[in-house]
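Colleague: Got chain A; can you put chain B on it based on the hints?
Chain residues, written in single-letter form:
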Amino acid sequence: MSFNLKIVSIIFSLFIIVLILALLKKNKINIKYSIVWIILFLLLQILIIIPGVLSFITRCLGFQTGSNMVISIIIALLIVINIVLTMIVSNQDKKIRLLIQEISILKNKMDDDRNE
Amino acid sequence: MKVLLIIPSFNEEDNVLDNYNKIMNYNKKYKSNFDVIVIDDGSSDKTKEICEENDIPHISLVHNLGIGGAVQTGYKYALINDFDIAIQFDGDGQHDINYANKLIEPIINENADMVIGSRFIDKTSSKFKSSKARRFGINIISIFMKIVTGKKIYDTTSGFRAVNKKLIQYFAINYPVEYPEPVSTVEVLKKKMCVKEVPVSMNERENGISSIKTWKKVYYMINVVLSILTVGIGGKK
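Quick mapping for you: the protein sequence lines, in order, are chains A and B. Per my numbering, residue 1 is the first one in the first sequence, and the count goes up by one each step. Per my numbering, residue 1 is the first one in the second sequence, and the count goes up by one each step.
Simulated from the structure, these hints should not be mistaken for lab results. Don't take each hint at face value.
Unchecked claim - With a straight-line cut-off of 16 Å between C-alpha atoms, the simulated EDC-like cross-links for lysine to aspartate or glutamate are: (1) B:K22 <-> B:D35; (2) A:K94 <-> B:E178; (3) A:K109 <-> B:D82; (4) A:K109 <-> B:D55; (5) B:K165 <-> B:D82; (6) B:K166 <-> B:E110; (7) A:K109 <-> B:E52.
Owing to the predicted nature of the structure, the values given are computational and were not obtained by experimental measurement.
For reference, chain A alone in the conformation it holds in the complex (with noise of 0.2 Å):
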């Protein structure tokens, strides 16, 4: 990996690691959400600071050059964690239409109520 790309990546993984805390302060985000995105970039910026350990996991995996690991790594990564925010979402779809559902039903029961 060239030494502008080492400090670009740095300086990405650092504006990414400043936005989610600051999101995290402005309760924007959930923790336990954040968790995720904050280890991966610290990883990330641990990989690409100390010298020689991009090499020798580059090495041990086949990859050609550091920055295609780094590249196929990270898309790895993002397709479980959309994976799982898919899961999330259709979690919470169940829970809106179970409110939708009981709150109607109940809105009926009362009008039912008030009628007789």
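Modeller: Then chain B, alone, in the frame of chain A:
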């Protein structure tokens, strides 16, 4: 026997009163005592107002849920009010109330847990058999259902169906909200319950549009087949 007609309605201001009157006339004529609950699925037209003005029993969902969520609300209502049989009856004038007695007969005689009003079981029964493309789709769904459950269901997407108390309890909690007709049938068959089809005649939709749009048909088919396979193959949830 307390019988409830669940009528999911989404933007059916033209049909809802007409439909209700037909059912009331039927009740008078045959001295039956079918209760009605219209589930207004968050309609943006006057469906709700018409129900209120004419004292039609209705539940207005506070937000649109789609046909599956609306029908499930009906099952919840049936469970709360202790109904013995629930009939799903479309709000768009497609279904004919005159077949309701035929539909619940196997359930009263305890020959079936679920009865589907079928357009295709008897060649002469229905003038309206829907388009060729749609029948082709229905047949494909039927083949996949036969593969996973071993039972041949002819009219897989018919929304005119009756269920007994056991299934009211089940559907109130576990009604499939996506592609409810075929998927719920597979679930019922997988529970080793008995599903029967009786021939009915259906009308072409009087007003309003089908919930399945033309360009979505292929996408719909892939989704339905996938859901049938995932529900049908593998053990219990």
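Colleague: State the violated hints by number, sorted upward, taking the hints as numbered earlier in the document.
Modeller: Violated hints: none; all satisfied.
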